[in-house]
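Hey, can you work out the whole structure from these sequences and the hints?
In the order they appear, the protein sequences are chains Z and C. Numbered continuously in numbering that gives the first Met the number 0, the first sequence closes out at residue 833. Numbered continuously in numbering that gives the first Met the number 0, the second sequence closes out at residue 304.
Hints in this document: simulated from the structure, not taken from any laboratory. Hints are not guaranteed to be accurate.
To give an idea of the interface, some chain Z residues facing chain C are shown, with a C-beta separation under 8 Å as derived from the structure [what the hints assert, rightly or not]:
| no. | residue |
| --- | --- |
| 1 | Arg145 |
| 2 | Arg217 |
| 3 | Arg273 |
| 4 | Pro312 |
Cut-off 16 Å, straight-line C-alpha distance, at most; resulting in silico cross-link-like pairs (EDC-like, lysine to aspartate or glutamate) [what the hints assert, rightly or not]:
| no. | chain 1 | residue 1 | chain 2 | residue 2 |
| --- | --- | --- | --- | --- |
| 5 | Z | Lys123 | C | Glu116 |
| 6 | C | Lys1 | C | Glu296 |
| 7 | Z | Lys123 | C | Asp57 |
| 8 | Z | Lys631 | Z | Glu599 |
| 9 | Z | Lys631 | Z | Glu67 |
| 10 | Z | Lys631 | Z | Glu97 |
A virtual CB, placed ideally from N, CA and C, is assigned to each residue, including glycine.
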Amino acid sequence: MSGPTTQPAVALGGNPPPEGGHGRCFDECFSEPATARPYRQALFDSLDRLGREGLAARAENARRMLKELGVTCFVHNERAGIDEPWQLDLLPLVIGSEEWRELEAGLIQRAALLNLVLGDLYGKQRLVRDGFVPAPLVFANPAYLRPCQALAARNNTFLLTYSADLARTADGRWWVMADRTQAPVGFGFAMQNRAVLSRVIPEVMRDLQPRPVLDSLRVRRDALKHFSPGHTDNPVIALLTPGPRNEAYFEHAYLSRLLGLTLVEGDDLTVRDRRLWVKTLNGLRRVDVVLRRVSDAFCDPLELRGDSLLGVPGLLEAARAGNVCIGNAVGTGLLESPAFMPFLPGLCRHLLGEDLRLPSPATWWCGQTREHTYVREHLRELVIRAAFPPNGPASTPAALDTAGESALVERIRQSPHEFIGQEQVRLSCAPVLTGHEIDSKPFVLRVFVLHNGDEFVVVPGGLVRVLETGGDGLPPIPLIGLSKDVWVMPEGAGTSPLPHAGSAPLPHIEGASSDVPSRAADNLFWLGRYTERLEEIVRSARYALGCVGEDTDASSQSRLGPLQGILGRLGLVAAPENAVNRISLIQDLLSLVYDEEPAEGVRDLLQRIHLAAFSVRDRLSTDTWHLLNRLKTHAQPRPGGLPLVGTSGTLHALVLDLAAFSGMEMENMTRGHGWVFLDMGRRIERAIFIARLMEAVGRSGRCLDWVVEPALEIADSVMTHRRRYFTEPRLSSVMEVLVEDASNPRSLAFQVACLKEHAALLPTGQNPDGVGALRVLVGQIDDCLGRFSRAGTGDASTAAELLPSTCEEIAGRLAALSESLTEVYFSHISSRVS
Amino acid sequence: MKAQLFQLTHATTYHYQSPVTVSHHVLRVTPRRLPRQFRLEHRIDTLPVPATLSHRTDYYGNEVAFITIEGAHRQFTVTSQARVAVGPAFIPEPAETPAWEIVRGLCGYDRSSAVLEATEFTFASPSVPLDPVFADYASASFVPGRCILEAALDLTARIHTDFTFDAAATHVATPVLEVLGNRRGVCQDFAHFALACLRSLGLPARYVSGYLETIPPPGQPRLAGADASHAWVSLFCPGIGWIDLDPTNNCLPSMRHITTAWGRDYTDVSPIRGVLIGSGDHTLSVAVDVIPLGVTEIPQRAEPS
Chain Z
0 MSGPTTQPAV ALGGNPPPEG GHGRCFDECF SEPATARPYR QALFDSLDRL GREGLAARAE
60 NARRMLKELG VTCFVHNERA GIDEPWQLDL LPLVIGSEEW RELEAGLIQR AALLNLVLGD
120 LYGKQRLVRD GFVPAPLVFA NPAYLRPCQA LAARNNTFLL TYSADLARTA DGRWWVMADR
180 TQAPVGFGFA MQNRAVLSRV IPEVMRDLQP RPVLDSLRVR RDALKHFSPG HTDNPVIALL
240 TPGPRNEAYF EHAYLSRLLG LTLVEGDDLT VRDRRLWVKT LNGLRRVDVV LRRVSDAFCD
300 PLELRGDSLL GVPGLLEAAR AGNVCIGNAV GTGLLESPAF MPFLPGLCRH LLGEDLRLPS
360 PATWWCGQTR EHTYVREHLR ELVIRAAFPP NGPASTPAAL DTAGESALVE RIRQSPHEFI
420 GQEQVRLSCA PVLTGHEIDS KPFVLRVFVL HNGDEFVVVP GGLVRVLETG GDGLPPIPLI
480 GLSKDVWVMP EGAGTSPLPH AGSAPLPHIE GASSDVPSRA ADNLFWLGRY TERLEEIVRS
540 ARYALGCVGE DTDASSQSRL GPLQGILGRL GLVAAPENAV NRISLIQDLL SLVYDEEPAE
600 GVRDLLQRIH LAAFSVRDRL STDTWHLLNR LKTHAQPRPG GLPLVGTSGT LHALVLDLAA
660 FSGMEMENMT RGHGWVFLDM GRRIERAIFI ARLMEAVGRS GRCLDWVVEP ALEIADSVMT
720 HRRRYFTEPR LSSVMEVLVE DASNPRSLAF QVACLKEHAA LLPTGQNPDG VGALRVLVGQ
780 IDDCLGRFSR AGTGDASTAA ELLPSTCEEI AGRLAALSES LTEVYFSHIS SRVS
Chain C
0 MKAQLFQLTH ATTYHYQSPV TVSHHVLRVT PRRLPRQFRL EHRIDTLPVP ATLSHRTDYY
60 GNEVAFITIE GAHRQFTVTS QARVAVGPAF IPEPAETPAW EIVRGLCGYD RSSAVLEATE
120 FTFASPSVPL DPVFADYASA SFVPGRCILE AALDLTARIH TDFTFDAAAT HVATPVLEVL
180 GNRRGVCQDF AHFALACLRS LGLPARYVSG YLETIPPPGQ PRLAGADASH AWVSLFCPGI
240 GWIDLDPTNN CLPSMRHITT AWGRDYTDVS PIRGVLIGSG DHTLSVAVDV IPLGVTEIPQ
300 RAEPS
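Shown next as structure tokens:
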């Protein structure tokens, strides 16, 4: 697109935008080729001071920070989907204060207008009767949800959030390309972008002093409280997400954490007595306000689309009874139909008595005879779009052949009200940093208007999405791709610099819910189990690879046989047949680490850990999330060169990161119910592993002497043993260290003691009998261990005899404990439509 | 006005394979009050007893009951009982009704409330897509300039002749294009097909759900629970109002049809829709009785339909 800059000393010489075939578009930076617009000069001067290398280093910082923060966008692909890293350009879009003032007024007017139109269309429909809105725009529109008719919004506020996609056209004005009225995406990503830039280029931010945006989080939180139906001073506010497979799930978790909202999926909520409740470990807790990210049609399978269970059955009835406020009101997606655009100027004059401030591309709705004729006659100059959602991609008749064109004309003729023709827009370009160069690329600006309880206010910033290769700026614009922060210049720029403007901390928001939804507890429990299981596998594999690496001569292979036997009993490698086979052992171990195939191999577990953690990421600290993200990068494919060397490096790194994760969890997590479940998962998993390991040791017969040391190694208790016994490990000493020693955090006794403590803390909730049975089960495990200790005291041979059966029994009861926990606390059985 | 009095019972039972902890149901089983339909009594009973039972009218003025059952249950029975008197329908002389093109032309221009309300029923709806194949089928009846009711009666008669009533051929979600292909179905399919024909021509037509008194074969007694809920269509004719047409029975509904609800298609008015929380499958049994209790006199009401 552009060649290298001709000014080597200046990082930001910049290139003029390309000449387009249809004349020039507006350029954000250059009024004449290579002449920066005056209000952008400050930005360039400031960036120039960083120097070319400095700028590239900052860009790399930003990229790494986003990766470590785990800012992602879920992208569906043909297999299942993948979390793509969020991309942020270092160069913000700068908007002058005067220009912003105008834009702000236009956006507030538009939000107010759309809110009034919604109130009428979901109310008395005078606008239809009086001819301001043609009947088909409503009645033929699949986004018009009849069950929501007369479902009054609290304080007549249908839009808690309104968002517009803006494009700047050749005349330099901002045009509204699309109205987002149901559950606009991007506010959280915009906040995150600002937080990252304020750390990556603080000096530039100090130089320009953009208006702060993070205060908007407080506005949002206060407004949500304001909309509570008011039975309590401390309302429970839930963010309803479609789940981790939604492209914007990161944002849902991020906003929940920052705003102190309870992040829920449809299954976490239930309607009883025409009220909305969240299922927590403590039983049902009333929900007052729902900030929803589930689309209109999926909000209530009972009254809306029954083929999806992302929503909550009975939600509309609860709203109808006035017991819950849903923002935005269900049904508000109606105004996302682009067919409304040509009617907004008339509606604005009629409802507000003023002219519409923000223009849109000229739009002709084919449901009107004259407009239909115009579209047919000017087809090749226009873009043709579906009038109603879901709005697929637009078609550009100019790009069609004759057959395609006449097919389109015929489709329009058959149901004209389903189509609009729209003027083609050339988007303005903004500078984008690629490597050491500056490119110029078209973009769309998304801005956010929040209702603060009294009025609409505009967030002084936004989210820019850069379009590759000259997109038309029409929806759907994918979330994935390069983004930019938006800096709005303060009024009367050049006043005294703000202290620490560069690194403004996020506002602290109090009142995060301590209630743990059952689903979150379920995921935390499995996060504990999977991370522990991964550690076991990694330790076992690391030790075994060490052994096969050292032992090459036939004589020392006598060690490998028993080792393979133990690992075989633990299900980690294939059990040895007759003689030990070093090659197959190595292959099994490498496969355990690198292949996707073995269920519960390293890569599979990393995937499971990621999924469990992703589902509760609103409850994990940023640092914990960093670590979990780093873990994921270890799941690289099998290295080429020296597999054994590379593998032990991978395994060392995994052991260290897993240790860091458990340290983080021990030191940083509040000891609430969430932690109890995470730790119970870890303890149960470790106890099962030790029990099965010792069972394998006990059953190894004549190889006994060869397996006690590996057992100590795998269970990470070599040091403990050495401190206590100054001899070579024997079965009796190993049994003491790994089974009975309650002071060894790796012993069975230690795990059981922890489980007893946790069991006492379990919430009784609504199922006291079930919880009672759980405690009994833990007691039985404890008894079993006690009997073993008493029987074996001073009698090594009895202990050795009892070891396998005792361990087998304990492992079985632990598995039963895990199942009972699931049944008592996590059985969020899904709903079905009948 | 002379009216036929009916005792109506509609019992639906769900048997769940495993216990259900919570279930929500939306019911549209209450006969509407209409100028020629008099509702003397109506009640809804459920077993288990509901934790929540609330009533409202929906977008189309149909009466809706919202029911929540809480606590583990393996069976759910809901019984709707009503006593209804139905007077004769006013049926205009077909040859005196306006040409069908006039009706089509009116929708979309006239914003008087009756026509505007009817215009809503000219568009595609979830179960009734519009397609030139439906317009093609209908055009044999709707020849240019023909009086709308004459044409509509001809269409109803053709559907009755061309299509076979076959309860095994379709299920509640069979697409209407498939019904056209197989030429088989039940009342719901015939109604959807008739609507697709009428709307593909640009005419306003709505789906009506209700009950039909069945007459046992000569010499045989009426079997209890043998009746069924029924569906037909209603066509808007400016200056006259809505005229019911029953394509399944090729007749103009009058004193044997009890109207419960109307909407764009079945999805707007299904008698029972529920969401349950629990696992396992369920089976459903339905018993309907429409028992005639003789002719009675009802006062004429002025409320518009």
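Assess, step by step, whether the Cα of lysine 123 (chain Z) is no farther than 16 Å from the Cα of aspartate 57 (chain C), and give holds or violated. 14 Å, holds
Does the closest beta carbon of chain C sit nearer than 8 Å to the beta carbon of proline 312 (chain Z)? Holds. Min distance 4 Å.
Hint check: lysine 123 (chain Z) vs glutamate 116 (chain C), CA-CA at most 16 Å. Holds or violated? 13 Å, holds
Quickly compare the C-alpha distance for lysine 631 (chain Z) and glutamate 599 (chain Z) to 16 Å and report which way the hint goes. 15 Å, holds
Report holds or violated for the interface hint on arginine 217 (chain Z), using the least CB-CB distance to chain C and a cut-off of 8 Å. Since the shortest Cβ distance to chain C is 37 Å, the answer is violated.
Lysine 631 (chain Z) paired with glutamate 97 (chain Z) [C-alpha distance capped at 16 Å]: 47 Å, violated
Is the hint on arginine 145 (chain Z) kept, meaning its closest Cβ partner in chain C is under 8 Å away? Interface hint status for arginine 145 (chain Z): holds (4 Å vs cutoff 8 Å).
Status of the hint placing arginine 273 (chain Z) at chain C (closest C-beta pair under 8 Å): It holds, given that the least Cβ distance between arginine 273 (chain Z) and chain C is near 6 Å, below 8 Å.
Need the status of pair lysine 1 (chain C), glutamate 296 (chain C): alpha-carbon distance at most 16 Å? With Cα atoms ~5 Å apart, lysine 1 (chain C) and glutamate 296 (chain C) stay inside 16 Å; holds.
Would you check the hint for lysine 631 (chain Z) and glutamate 67 (chain Z), treating anything up to 16 Å between C-alpha atoms as holding? 11 Å, holds
Checked against the numbered hints given earlier, the structure breaks hints 2 and 10 and satisfies all the rest.
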